[in-house]
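Engineer: As a plain string of letters, each chain reads:
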Amino acid sequence: MTDVEKKADLVTLTVDGVEVTAEKGELVIRVAERMGIAIPRFCDHPLLAPAGACRQCLVEVEGQRKPVASCTQTVAEGMVVKTQQSSPVAAKAQAGVMELLLINHPLDCPTCDKGGECPLQNQAMSTGRADSRFVEHKREYEKPIHISSQVLLDRERCVLCQRCTRFSEEIAGDKFIDLMDRSSGEQINVYRDDFFGGDLTGDGQVGEGEGDVPFNSYFSGNTIQICPVGALTGEQYRFRARPFDLVSTPTSCEHCAAGCSMRADHRRGKVLRRLAGDDPAVNEEWNCDKGRWGFRYATATDRITTPLVRDAVTGQLREASWSEALLTAAEGLKAARERGVGVLPGGRLTVEDAYAYAKFARVVLGTNDVDFRARPVRATGTPLSATEEADFLAASVAGIAEVTYEAVENAPSVLIAGLEPEEECPILFLRMRKAHVRKKLKVTALSPYLSRGLEKLGAAVVTAVPGDEARLLNTDPAVAAALSAPGSLLIVGERLATVPGGLSAAAALAERTGARLAWVPRRAGDRGALDAGCLPNLLPGGRPVTDAAARAELSLAWRTESGVLSGTPGRDVDQIVAAAADGTLGALLVGGVDPADLADPLLAEQALDTVPFVVSLELRQSAVTRRADVVLPIAPAVEKAGTYMDWEGRLRSFGAVLPGTAMTDGRVLEAIAALLEVTLNTGDVQAVRRELGALPAASARPVPPVSEPATTARPGEREAVLATWHQLIDLGTLLDGDEILAGTARPPVARIGKALAESLGVADGDLVTVSTGRGGVTLPAAIADLPPAVVWLPTNSPGSTVRRSLGVTAGAVVRLEAGVPGPILAEGAAR
Amino acid sequence: MTQPRPEVLQKLTPVLTKRWLSPDAWQIGVYERLDGYAAVRKALEVHPDDLIQLIKDSGLRGRGGAGFPTGLKWGFIPQGDGKPHYLVINADEGEPGTCKDLPLMTYDPHSLVEGAIIASYAIRASRAFIYIRGEAVHAARRLRNAVQEAYAKGYLGKNILKSGFDLDLVVHSGAGAYICGEETALLDSLEGFRGQPRLRPPFPAVAGLYASPTVVNNVGTIASVPYIVLGGADWWKSMGTEKSAGPMIYSLSGRIANPGQYECGLGITLRELIELAGGMKPGHNLKFWTPGGSSTPILTAEHIDTPMDFEGVAAAGSILGTTAMQIFSDQDCPVYNTWRWLEFYHHESCGKCTPCREGNYWMVRTYRRILSGQGTYADLDTLQDTADNIFGRSFCGLGDGAATPVVSTLKWFRDDYLGYIEGRTAPRLSEKSLVGAH
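Residue numbers (my numbering), protein chains in the order written: chain A, 1 to 831; chain F, 1 to 438.
Hints were generated in silico from the structure; no laboratory data involved. Only a predicted model underlies this, so the values are computations on that prediction, with no experimental measurement involved. Do not rely on the hints blindly, as some may be mistaken.
[Stated by the list, open to error] Now the stretches of chain F that chain A is said to cover, found in silico as 3 or more residues with beta-carbon under 8 Å:
| hint | region |
| --- | --- |
| 1 | 111–119 |
| 2 | 332–339 |
[Stated by the list, open to error] The list that follows gives simulated cross-link-like pairs (lysine-lysine, DSSO-like), each with its CA atoms no further than 30 Å apart:
| hint | chain 1 | residue 1 | chain 2 | residue 2 |
| --- | --- | --- | --- | --- |
| 3 | A | K24 | F | K83 |
| 4 | F | K83 | A | K439 |
| 5 | A | K434 | F | K83 |
| 6 | A | K138 | F | K411 |
| 7 | A | K442 | F | K83 |
| 8 | A | K440 | F | K83 |
| 9 | A | K24 | A | K440 |
| 10 | A | K66 | F | K411 |
| 11 | A | K175 | F | K83 |
| 12 | A | K82 | A | K92 |
| 13 | A | K456 | F | K83 |
| 14 | A | K92 | F | K411 |
| 15 | F | K243 | A | K66 |
By construction, the Cβ of each residue, glycine as well, lies at the ideal position given by its N, Cα and C atoms.
Okay, chain F solo, but in the shape it has when bound (with noise of 0.2 Å):
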């Protein structure tokens, strides 16, 4: 393990994790001595629409993957249009790889109620769901006690802080469905029904959560509402990029030294992070990695010094997606790597639509057969094309998530598969090894 510069460790702006490291953050007395709730009462004297703006001001884009300006997607929402309206907060973080909610709401669960108290306000909901994955227990049951101990000092229910405001806040916990990350499957589940997407339009904005306009923001999104109602817009945009403002929770696996969450201002590169992490693990040289996730196209070492904003990622053909890094190296293969992903998407697909239902079944069949060295070339072409057959055609983005990494380990290590059909490369699985393997 290296130590970091001083002048990249400069680039650690710890905004949304600054109370991480505070001992009992996750209560609510401590939370208000460290700024705890001063936001909300500064948000909750000005009127909701100058909030939007100020969302808008900030360019604050979303945190869960797609990237979508924030204050734009609550002007979505219509006003006085007579029906109620609502907050969905998607906690249901559970791509491989991604971990930044998870640790948010386990050490700073305030930081999240106090964003959703603000935003339900600006967008006028009176009801507020926090939809948190199912495995996510300790999650969970710290988010759960920060509402009621925010309902107990007057920050939740009636007429909070004497604003006329009125909030009820509910946690559900999800059944542990990836599919309920997807924004139209986590409101078919919220209301009790199968989680499968929804047909758009209607979009949330116009008909979302039992029938009716609804937000549905990421964790990170809202939990980064309070410091820019209390930092101001012009401070939210001094960090990052211009084009993709403010900091942004990195959060590193795999071979390196010190795996876990470094937030610094968007538009970081690689080589940074890592040194941040104290270097790769002894012995290991990056071979490749996922800029936010498993369902963005994986990078090569390469790409090392790709500037980890919106528009650098894009320009190198992948996507920031969550800025969940997994780091591989030199000792690990692509090609089982892949399936093992895959392994996870054909579990969670939903089985909605034809190509992600059958096109993963069958790619999994077929990493199988290569991984246990019975591939052909032939597999080559045939994978190659399903994935095709499966990105952009399916109904929702879990299909295009599983056919990515197949495109781009073809892309990039084509030689590791020859090596399992040529018999380079001892076969990983056998016959036994394949008995609970998923």
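Chain A with its partners taken away, still in its complex shape (with noise of 0.2 Å):
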């Protein structure tokens, strides 16, 4: 926008008496709040369509016969507005409105959960009269109603400003919630299915009983945040603080890598609850129902806080010292350092830990044998030397940071590939949900079928069988259709490691069609640990392994000896596991890895079986430390300093929010390198930021990959091509211990084609049996518009465990049986 636009879409006017100017289409409660004035409101928030209802916010407009909603006016040149400050008529209208609010409102703030926190307490205060006149009897409701398992409504305290319907309808596109009845009697409630002719609730009750359709949405803790007052609580906080007694710290999510900002707030030791930040650059004031309740995994009671040793009589790993178990672990991995150590540091580290393993891998144990993958990283069947992903991700993505949620918004269209938003960037989803509804963004995505959330962004979908995306993306029309318009993104998720050629396909579309390219994984540290240096084929920096220059460079600033960094690629997670369980290696350090993530979870077990020494960097008891030799308790996000970097290559540092003496990763790494007659420096956040921010830019860049396509698989009878992805609240390890809310996690399906639900003989709802020759997934069918052949399943959801269960990834192929698994399976699982 040139200065002179600019200043034509200014306009001057008044409020209370002080001249100012607003961009044409600024409300005057906006220009008014810039100006330091309060007008109490309720409905209005900042990123909702303005609704005028609860009419708290009136002013004197001039010229104007009635008093006005701020929250709905806009500025005009030369208006002249009066607000409470300056206008009797305002501050009467403001007062009145008040008033009305309360008379119905129970009062009850002595023990609601917003007291102390309650815009309704706090305007009452300023707005309020001090004495109430109203003499009749009060509103009555049966409460709570539970909207779902986590979100409770307790309608007597409602002020109906209908921001949740709002945000649930424009943000999050779930409407689940909405105004019922009318007049005093209009209340916020669920839809029933009794009110559209399914089965009664039994009871007569709103909120409870079989027939209920329940809040359904990843983003409703959201709602509970945004209401004016305590009418919407969270099961997991109710009752159990006051605001006033809080600490709160911002921090930022250890979830997922979309980066959400948040806010921790803690009592006594303990994190009570967690709010969305505000950061309007990448989170606005929104986060996802994980982000907020999944923290109580910190608090397990399986939490390791003493370093654990196996004992040599008697094979049981005992508590130890931590001079002990330091030692046993720096002895161990200079005995295997001959054979070779396997680094697994995990998809969940900050940068400043990861960086210590990158550094620990190269500097003491002289390996590029590192990888922070935890899943797949090729097809199943596909041969280990393929290194496309990595290559991908050297060439493409370490130290880039292109692609912002901001360019996301401005975009004209997007390509996704190997990405479910909604359920793998949930904070991704809402701001293209966003674009799509306020700025007519396109989506266009390459899936199987075109699912729920897909459907809220108004994706285009390009049917893609499993496997086959590599050659849509290299020739299919729509595609590149869809990358045309200047400006255009190609989002590829980390799923599309699994297409034979698909990342080289995409990285050679973008270079096509000049579309910018940002590649999402699933975690908040995988990122991070990219541009760390946890590859086999990077060092920090996205500096090649085999690039001499660069490891030259890394040599000067470790001061290491010339040959100690190997120019040599080292083996990826699958390479690492296959050559532990074949005994080619002598120890594994593992950090946060739950084998059942990897591509084949029990070729891990066995590996850390068969592997003589094992270190495990852990939180709680896991399948690593069940099986290690040395187990060294870390610190939880909760109790560390650190930084994340979110899938924008965007920096999120936080401080601890709880004061603990557990170790970081890096600390721990630093003291066994220590042991080791190597000065590490990872222990302290802050000297691991100022080595990374004085390490050189890197200079080369690697070629993307040229993998070609694989031809995709051919099913027969009875057979399916497997689709899969992880669901939002699923079985992962930072949810456990969480049930309420695991209640609101989508039920697991197993979703067919209607060809292929015909030809199995299932109905909807009808149990589907998918397996392979390690096992079998029975799930209900759910009937949606995919291919032919293929079979959509939950990666890692209760019932539908897709590694360990079956053993493949996507674009393998599967079986289908109608029903539950006979002796068919046992034939199976036989041969």
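Once you've looked at the hints, go ahead and assemble the two chains, each given alone in its own frame, into the complex.
Structural biologist: Given below as structure tokens:
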């Protein structure tokens, strides 16, 4: 926008006698706010469309017969506004509305969760009467209604501002609560099946019973946060604390790669709740329910607080002192160095801790066998020699931060592949939805079907049989057309790694069309670990290990002798697991990795069992700690400072929320290194940041890989190609111990097309068994618009642990049977 | 009952009501014999812009209560904008006392259909809707029949009378919510949403039904159009006053000998109307009355000579509204009546905005208390203040309508209130009589 245009868009008005300029279209309430005039309000929210429902923000505008709602009135040239500060009419109108809002409000502030941080309470103090004239009987409702297992509604407290319903409709797109009835009986409520001819709930009560549709939204917690009264509360926090007893700390979410800013409130050493932080560049003022409520894992009963060492005599893990445990670890790793040590840091680390693993592997263990990716990195059956994803990440992602949320919001068109935004990066989903709704963003998705999330984005689906995405990216005209407009974006998810040639095709497509490319991993630490050098082919800062100049730079920075840093790419996660399983490797150093997340959990566990020495840095008991020789407890995110790097490549630094004695991974690794006479210098977050900051910028960038698409699998009779991805709320270890949150998960189903369902003789809701030689998964069928021979399963949900039960990943051929597995499966298992 | 004098009787100008007493005028054959569908033939031969100009020239003002110039409203519709245009006819007549549209649709439904065709042609709409009140089953049945007949005779559908103009007319029955008579709530309801008023701007002329330019007109307005097309603007203006042109259906109810619809030129007085209606009921003396439905401030016996046009009633401190005149006598209690109206408004409030939703809840309960002999002096101040806090503060006009009878009865009949409070008047309500009172 040029200056001239900008001036044309400005108007001058007067508010309370003070002249002020404002952008055309700006609301009077915002202008006043900028000037420091607080107009009381309830329904107004800067991120929601104006409603004008509560009438609390009435002001006087000269020339207008009646007071106007400042939350709906846009500015005009020469407008004269008088707020309650200078207009008795406005002050009277506001006082009148406040009195009316309070006549039916229970005034139960002493027992209400909102008491102490309540806009109604605060504004009743500023705008209300000291005494009530209301002598009639107040409205009563049964309380509370369970809108979901997590969200509770006390209707008598509600002021019917509709922020929650507007959020659900405008922002999340999950319109499951709405206004019902009218007049003074108007209320927020949930749709009930029995209104629509479904089964009666039996007890006649709203909100409970088998006939209800739950408030099924991944973003439901935001309605609680924006409720200006205590009408919506969270089961997890209800009646637990008073706001004024809590200590609030800004922090960053540790779950996914969205990078949400958050606020954690704690009292007496325990986090009691988390709220979405306000960061317009990233999450605006929203977060997802997983980020809001998934924090109880850190206080789970199986948290490890003392180092454990496997007793030479009993063979059992026993508690040990730090000095003994560190020494055992150091000696074991030292002894294994000759045969080789594989390092699996996992994708949940801060940049600083990931850097510690990357440096530890190179400097202490002298190996490039380090890989943060705790997931399938290639298609089932692809040779281990293929390193397409690592090459792609080195060429097109590491060290690049070009695509941002803002770019997504302002893009004309976005093509997504290997990514289900609502399930895998919910805040990216919200931003895409905002862009779609407000700025007409066109979304095109390579997906086997139009999911609920894609539907809410208005996405055009280019139907992709899993494994066929590479071919489509290379040749499909709709794909190329989607990126034809300047400023278009190509967003790929980590799952595209399981499509042979997929990432190569994506890089080539971006190159061909000029679209900018973004890579969206699933975990908060993934992108940071990539840039910190936790890949077999990359050193910190995106430096290729094969680049002698880059190695020389690092040698200088790390003060290592020349030749310590190997110029040969190391083993990736699958190769490390294979080498450990076949007895090649001498030890494994494992961070926060759950073997169940790896491509083949059985092989991974076999590797942990086979390898002579395992050091585990963990928070809680896990499949790794149970097999480890030394277990070193480390701090959860809440007890440490650090930085996550979100999918944009944006740094999200945070300080410790809770004081604690637990050490970071970097501090533990530093201590092991010290015993091996290496100064790692990763124990202090500030020191690591300084060191990272002092590294010179990487110079060379490798070229993207050129992998050919594979021919897609051809399923036979009663077979299908497997499609699968994670649901947001699933069996992930960071969601352990929270049944209330688990209650909001989407029910696991096996999605199949209509023709396949007919050939199997199953109807919607009938059980279907999906199996391989490894085992089977039985779920209710859900009929969707999938291609003929494709079945979709949630990757890691109750009753559907695809990797463990089937031992394959997306694109593989699986068998299908109607009903519960019988002897057929046993026969298959024997094959 | 007294007979009206000839000079008063002359003031009757049956235009819209002229066919009501003809047997079977609701049937298309009878309607056609009585000049029916003559106007549409004439209209389809002229340019739509000329029709808009004709309506502007006639001075026709909206018959739904606000009296907005109809031609001006039609002119607001942007032409050549590439969007579909819609005509929506507000037949959700539901205000206490108002009863002009339902008899019109019952006895002369084709005049509305004919008006709809002409109006749609003028604003270039190829789809029109009649949103009729859910309870008006009989009128809706007649209207649906009329639409069906009009389709069969080629007045609706494709290429109407070989003019090249297409129109589909849909009769939609609401669910009986008073708020859906508010034009934006009507549009939301018609679109299938909860009937609640929309934020304006955008106004319906720009983004109305399905976000497209829409004219929303009252039944009486649209039904007037064929007569203007046939009779011309000057003939239309020969009735009524300079600023309030044309005939108007005055609906008289209450303590008069012959309640009913009396169509006269705008500007007639209540005195003359009562005379036309055969005088007051024996033994009743006029005490107060509504000029245009329950949401217009009440007037008293001293206003009996107020000219009943938009300007005259405004000068008397009220609103012409829908010219639904409820006549109350000295045997009626303004406090009790206000309570009845308030029960209606409370029941019909949509709940969207605070003042209307909560204010009516409060006032209704205060009235019940006063009428059961439990009122206090402070109640009168609180009532006045609450009504002030609703009037002009609510989202739409429904709140204003609710506050209006409170303010006007407190103004004219404060002593009637004091009667209950001071025990001079016997309580009208007991706890028992409150059961099922609303």
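Engineer: Does each hint fit the structure? Answer for all of them.
Structural biologist: Status of each hint after checking the structure:
1. Coverage of the region 111–119 of chain F by chain A is violated. Counting CB-CB distances below 8 Å, 0 residues qualify, and the rule asks for three or more.
2. For a cut-off of 8 Å, the count of residues in the region 332–339 of chain F with a CB near a CB of chain A stands at 0, and the three-residue condition is violated.
3. With a CA separation close to 26 Å, the supplied pair K24(A) and K83(F) stays within the 30 Å bound.
4. Distance hint between K83(F) and K439(A) is fulfilled; the C-alpha atoms sit about 20 Å from each other, no more than 30 Å.
5. Taking the CA atoms of K434(A) and K83(F), the gap is near 25 Å; set against the 30 Å cutoff, the hint holds.
6. The straight-line distance between the Cα atoms of K138(A) and K411(F) is roughly 29 Å, inside the 30 Å bound, and the hint therefore holds.
7. This hinted pair checks out: K442(A) and K83(F) have alpha carbons roughly 22 Å apart, not beyond 30 Å.
8. A C-alpha spacing of about 19 Å is found between K440(A) and K83(F), which places the hinted pair at or below 30 Å, so the restraint holds.
9. Simply put, K24(A) and K440(A) have alpha-carbon atoms about 21 Å apart, close enough for the 30 Å limit, and the pair holds.
10. This hinted pair checks out: K66(A) and K411(F) have alpha carbons roughly 21 Å apart, not beyond 30 Å.
11. About 29 Å separates the Cα atoms of K175(A) and K83(F), which keeps this hinted pair within 30 Å; it holds.
12. Distance restraint check for K82(A) and K92(A): the Cα-Cα separation of roughly 12 Å lies within the 30 Å cut-off, and the hinted pair is therefore satisfied.
13. As the CA atoms of K456(A) and K83(F) are separated by approximately 26 Å, the hinted pair is consistent with the 30 Å bound.
14. Of the supplied pair hints, the one linking K92(A) and K411(F) holds, its CA atoms being roughly 21 Å apart against a limit of 30 Å.
15. For the hint pairing K243(F) with K66(A), the CA-to-CA distance comes to about 25 Å; that is within 30 Å, so the pair holds.
Hints 1, 2 from the earlier list are contradicted by this structure; the remaining hints agree with it.
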